[in-house]
Every structure is written in C-alpha cells, then in structure tokens.
Amino acid sequence: MPRRYWLMKCEPSAYTIDDLARDGHTCWEGVRNYQARNFMRDDMQVGDGVLFYASNADPSGVTGVAEVVKVGYPDHFAWKKGHKYFDARSPKSEPVWVMVDIGFVERLGETVSLATLKAMSGLGSMMVTRKGSRLSVQPVTKKEFDIVVRRGRRTPSPS
DNA sequence: GCCAACGTTGGC
DNA sequence: GCCAACGTTGGC
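Under the working numbering, residues -8 to 150 are what the first sequence spells out, in order.
If you're looking for bench data, these hints aren't it; they were derived computationally from the structure. Fair warning: this is a prediction, and the values are worked out from it, not measured in the lab. Ideal Cβ placement from N, Cα and C applies to all residues, glycine included. Incorrect hints may have been included.
List time: in silico DSS-like cross-link candidates among lysine-lysine, alpha-carbon distance up to 30 Å [stated by the list, open to error]: (1) K109 x K134; (2) K109 x K122; (3) K133 x K122; (4) K122 x K134.
Cβ-Cβ distance ranges computed for the label pairs, FRET-style [unchecked claim]: (5) K71 x E101: 31 to 39 Å; (6) K109 x R(-6): 22 to 30 Å; (7) V87 x G115: 14 to 22 Å; (8) V96 x A5: 30 to 38 Å.
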C-alpha cells in the first residue's frame, strides 16, 4: 500500500503541534463523524503523512507535520460515562468510533494559513480550501502535502 | 459572538 | 424515504 496523506484538524484549545512535539505521540480521540471515521478505520496506514491543522485559531492553518503510528482501533473514550466523548451507541462489544495514534514529525517554521492555502496554486481542489468543508479528517494528495510542507519550511522552525 | 454550511435526528 | 428542526463546526 503506497503511503497516503491526510489533513487532521484540531482546535488549539484542545491540542497543538507543540503539545505533540512535547508528547511525541498521541491518540486522536473524539472523531464523531462517519466519513472521518471511515478514513481512519479503513484507509490510514502506519507511516502515512499528516498535515496538522489548527482550526478556530488565529490564524487557522497547517502548523506542523505528523505521521500515523498506529492504525485504527476503538475509541475507548466513547466508553467513559460522563466524558464528553461518551457515546452509548458505541459499546465495547460493538465499537462504532475509531481513533488512530499519530507521532510528531516536525513543526513548521511558518503556519500555512487558510488564506495562504486558498491563494497558492496547486491547492485548488484541497478539501480544506473549499467553503463549508467541516470534515476533520481529510485525504490530501502527495502533491498537495509537499506544497504545503515546503511553504511552511520557508521560515526555519525555531526549534 | 455571529452565522452559514453541514451532518444527524426523528416525525410523518 | 422525505425533509424540517436541531446541534455542531469553524471562518470571520
């Protein structure tokens, strides 16, 4: 299976690329959308590249690179009563929701903002640049991945 | 904080 | 199966 590429969104109030740099790896819990779930469950493979996207940020955009380090497995947060990701419809016996683990690869020296993504050539069909695109896990092409990463490296990372 | 766009739910 | 109502996402 050839290496695939993804964009994964997260609000900075929940988790940032700096958090991932500190932790080394993390589980990507809380995805409660079937299309996103299917990507994680059916298509993600260890080694796949991930654009780490900060949503609801100032500015929103790609802040770093990660990679898939563990393929889809049950999101056990769905089993925690009282937890915000608890979902009675996803019991241990028949899990509905899935998560993957991602590992830190690099922090981009320059956030590639949504405005930049929209303005750059070659990214016109990227899902995230399209109005109303709310999917939190999206496939991207290798070409798009490379364009974004190269742009983000234009400014050296401070670390 | 506003609100448009979207996904999901549930009545019928 | 249709679709209105609702809740959520996320840019601005």
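30 Å Cα cutoff - pair K109, K122: Cα-Cα ~10 Å, so holds.
Assessment of proposed distance window 31 to 39 Å (beta carbons of K71, E101): holds (38 Å)
Outcome of range test on Cβ distance (V87, G115; 14 to 22 Å): violated (34 Å)
Given pair status - K134, K122, alpha carbons within 30 Å: Distance of about 21 Å is within 30 Å: holds.
Straight-line alpha-carbon gap K133 to K122, limit 30 Å: The hint holds at about 22 Å.
Supplied distance hint 30 to 38 Å, evaluated on CB atoms of V96 and A5: violated (20 Å)
Range hint 22 to 30 Å (beta carbons of K109 and R(-6)) holds or violated: With a Cβ separation near 26 Å, K109 and R(-6) satisfy 22 to 30 Å, so the hint holds.
Pair hint outcome, K109 versus K134 [Cα-Cα no greater than 30 Å]: holds (15 Å)
Hint compliance for this structure: hints 7, 8 are not met, and every other hint is.
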